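J.: Sequence:
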Amino acid sequence: MTNNLVVLHITRLPKYFGPSELRKYIEQFGKVHELYIPKSKKTGKWKDSAFVRMSDEAAPLVASTLNNLLQFNKIIKCEVLADNKRLFRTSRYLRNSTRASHEENQTIATIKRVTALNARKGMDFTNSSVRKSLPQAVRRRKHNFQKRIAAIKKTNLNFRFHETDH
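Numbering (UniProt numbering), first residue to last: 1 to 166.
By construction, these hints were calculated from the structure, which means they are not laboratory data.
Values in this document were obtained by computation on a predicted structure and should not be read as measured data.
Virtual Cβ for every residue (Gly too), placed ideally from N, Cα, C.
Be careful, since some hints might not be right.
[Stated by the list, open to error] EDC-like, lysine to aspartate or glutamate: derived pairs with alpha carbons at most 20 Å apart:
#: 1; residue 1: 47; residue 2: 79
#: 2; residue 1: 77; residue 2: 27
#: 3; residue 1: 24; residue 2: 79
#: 4; residue 1: 47; residue 2: 34
#: 5; residue 1: 24; residue 2: 56
#: 6; residue 1: 31; residue 2: 57
#: 7; residue 1: 15; residue 2: 48
#: 8; residue 1: 47; residue 2: 21
#: 9; residue 1: 74; residue 2: 48
#: 10; residue 1: 24; residue 2: 34
#: 11; residue 1: 77; residue 2: 48
#: 12; residue 1: 45; residue 2: 21
#: 13; residue 1: 24; residue 2: 48
#: 14; residue 1: 77; residue 2: 21
#: 15; residue 1: 31; residue 2: 21
#: 16; residue 1: 31; residue 2: 79
#: 17; residue 1: 74; residue 2: 21
#: 18; residue 1: 77; residue 2: 56
#: 19; residue 1: 24; residue 2: 57
#: 20; residue 1: 39; residue 2: 21
#: 21; residue 1: 77; residue 2: 34
#: 22; residue 1: 31; residue 2: 56
[As the list claims (entries may be wrong)] Estimated spans, in silico, between C-beta atoms of each pair:
#: 23; residue 1: 152; residue 2: 118; range: 43 to 53 Å
#: 24; residue 1: 114; residue 2: 152; range: 36 to 46 Å
#: 25; residue 1: 83; residue 2: 42; range: 22 to 32 Å
#: 26; residue 1: 20; residue 2: 68; range: 22 to 32 Å
#: 27; residue 1: 57; residue 2: 109; range: 43 to 53 Å
#: 28; residue 1: 112; residue 2: 143; range: 38 to 48 Å
#: 29; residue 1: 144; residue 2: 20; range: 46 to 56 Å
#: 30; residue 1: 143; residue 2: 20; range: 57 to 67 Å
#: 31; residue 1: 144; residue 2: 36; range: 49 to 59 Å
#: 32; residue 1: 154; residue 2: 118; range: 42 to 52 Å
#: 33; residue 1: 47; residue 2: 105; range: 27 to 37 Å
#: 34; residue 1: 47; residue 2: 161; range: 46 to 56 Å
#: 35; residue 1: 112; residue 2: 150; range: 43 to 53 Å
#: 36; residue 1: 111; residue 2: 80; range: 42 to 52 Å
Could you build the full structure based on these sequences and the hints that come with them?
T.: This is how it looks when you write it as structure tokens:
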């Protein structure tokens, strides 16, 4: 009895097949070592595919049994993946750390690029248009605030706004 493990890729699963149901269903054929069903980032529900790691003796039987099987109005497809060495490890351990470092590197590169571009243009943010537009923004906020107070005073004649000086 060999201890080699292979990965089955099961697609077109019914939407009610969660990990526990799928595990119970496949364990009829042999021991399931690992089971992974990805979730949708948008909805948080299970996607319609799964990856199952099990012994290479039971995998062809499971693949032939599950392939083209009609369950809950869906035809399930199942195949044995050829190269499965790092499938589970990559998805669990490496993806988050590499993604975070990649985003961090992109952010650093963007900051360097923008800084170099601004240096070439001779921009100085201490005297830029951002500083000039600040009084304009304050005037706009004061105007909107006064309009709100006027609307409240129309509906409630006894309204008094108490300003606090900071």
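J.: A separate judgement is required for each hint: does it hold in the structure or not?
T.: Verification of the hints:
1. For the given pair, residue 47 sits about 17 Å from residue 79 by alpha-carbon distance, which is consistent with the 20 Å threshold.
2. About 18 Å separates the Cα atoms of residue 77 and residue 27, which keeps this hinted pair within 20 Å; it holds.
3. Annotation: proposed proximity of residue 24 to residue 79 holds, straight-line Cα distance about 19 Å (limit 20 Å).
4. Between residue 47 and residue 34, the direct Cα distance comes to roughly 17 Å. Compliance with the 20 Å bound is thereby established for this hinted pair.
5. Between the alpha carbons of residue 24 and residue 56 the distance comes to roughly 19 Å, so the proposed pair stays at or under 20 Å and holds.
6. For the suggested pair residue 31 and residue 57, the alpha carbons sit about 11 Å apart, so the restraint of at most 20 Å is met.
7. For the suggested pair residue 15 and residue 48, the alpha carbons sit about 7 Å apart, so the restraint of at most 20 Å is met.
8. As the CA atoms of residue 47 and residue 21 are separated by approximately 14 Å, the hinted pair is consistent with the 20 Å bound.
9. As the CA atoms of residue 74 and residue 48 are separated by approximately 10 Å, the hinted pair is consistent with the 20 Å bound.
10. Between the alpha carbons of residue 24 and residue 34 the distance comes to roughly 13 Å, so the proposed pair stays at or under 20 Å and holds.
11. Restraint check: the Cα-Cα separation between residue 77 and residue 48 comes to about 11 Å, which is no more than 20 Å; the hinted pair holds.
12. In summary, the hint linking residue 45 to residue 21 is supported, as the alpha carbons are separated by about 15 Å, within the 20 Å threshold.
13. Between residue 24 and residue 48, the direct Cα distance comes to roughly 17 Å. Compliance with the 20 Å bound is thereby established for this hinted pair.
14. Annotation: proposed proximity of residue 77 to residue 21 holds, straight-line Cα distance about 17 Å (limit 20 Å).
15. At roughly 14 Å between alpha-carbon atoms, residue 31 and residue 21 fall within 20 Å of each other, so this suggested pair holds.
16. Taken as a hint, the residue 31 and residue 79 pair is honoured in the structure, with Cα atoms around 17 Å apart against an allowance of 20 Å.
17. Between residue 74 and residue 21 the alpha-carbon distance is near 16 Å, which keeps this suggested pair within the 20 Å criterion.
18. Restraint check for residue 77 and residue 56: the C-alpha separation of about 18 Å stays at or below 20 Å, so the hint holds.
19. Restraint check: the Cα-Cα separation between residue 24 and residue 57 comes to about 18 Å, which is no more than 20 Å; the hinted pair holds.
20. Our distance criterion of 20 Å between C-alpha atoms is met by residue 39 and residue 21, whose separation comes to about 16 Å.
21. Distance hint between residue 77 and residue 34 is fulfilled; the C-alpha atoms sit about 19 Å from each other, no more than 20 Å.
22. Under the criterion of a C-alpha separation no larger than 20 Å, the hint pairing residue 31 with residue 56 is consistent with the structure, at around 11 Å.
23. Range check, residue 152 to residue 118: about 44 Å between beta-carbon atoms, so the 43 to 53 Å window is met.
24. As the Cβ distance of residue 114 to residue 152 is approximately 43 Å, the hint placing it in 36 to 46 Å holds.
25. The hint said 22 to 32 Å for the Cβ distance between residue 83 and residue 42, and at roughly 29 Å that hint holds.
26. Between residue 20 and residue 68 the CB atoms are about 24 Å apart, so this pair conforms to the stated range of 22 to 32 Å.
27. The hinted window of 43 to 53 Å between residue 57 and residue 109 holds, with their beta carbons roughly 50 Å apart.
28. Take residue 112 and residue 143: their Cβ atoms lie about 40 Å apart, and the range 38 to 48 Å holds.
29. Checking the proposed 46 to 56 Å range against residue 144 and residue 20 shows it holds: the Cβ atoms sit about 55 Å from each other.
30. Separation of residue 143 from residue 20 is about 60 Å and conforms to the stated range, judged on CB atoms against 57 to 67 Å.
31. At roughly 52 Å, the beta-carbon separation of residue 144 and residue 36 lies within the given 49 to 59 Å, and the hint holds.
32. Checked against the hint of 42 to 52 Å, the pair residue 154 and residue 118 passes, with Cβ atoms roughly 48 Å apart.
33. The hint said 27 to 37 Å for the Cβ distance between residue 47 and residue 105, and at roughly 29 Å that hint holds.
34. Between residue 47 and residue 161 the beta carbon distance is about 54 Å. The supplied range of 46 to 56 Å therefore holds.
35. Checked against the hint of 43 to 53 Å, the C-beta distance between residue 112 and residue 150 comes to roughly 49 Å, which is consistent with it.
36. For the pair residue 111 and residue 80, the beta carbons lie near 47 Å from each other, so the given range of 42 to 52 Å is met.
When the structure is compared with the earlier hints, no violation turns up for any of them.
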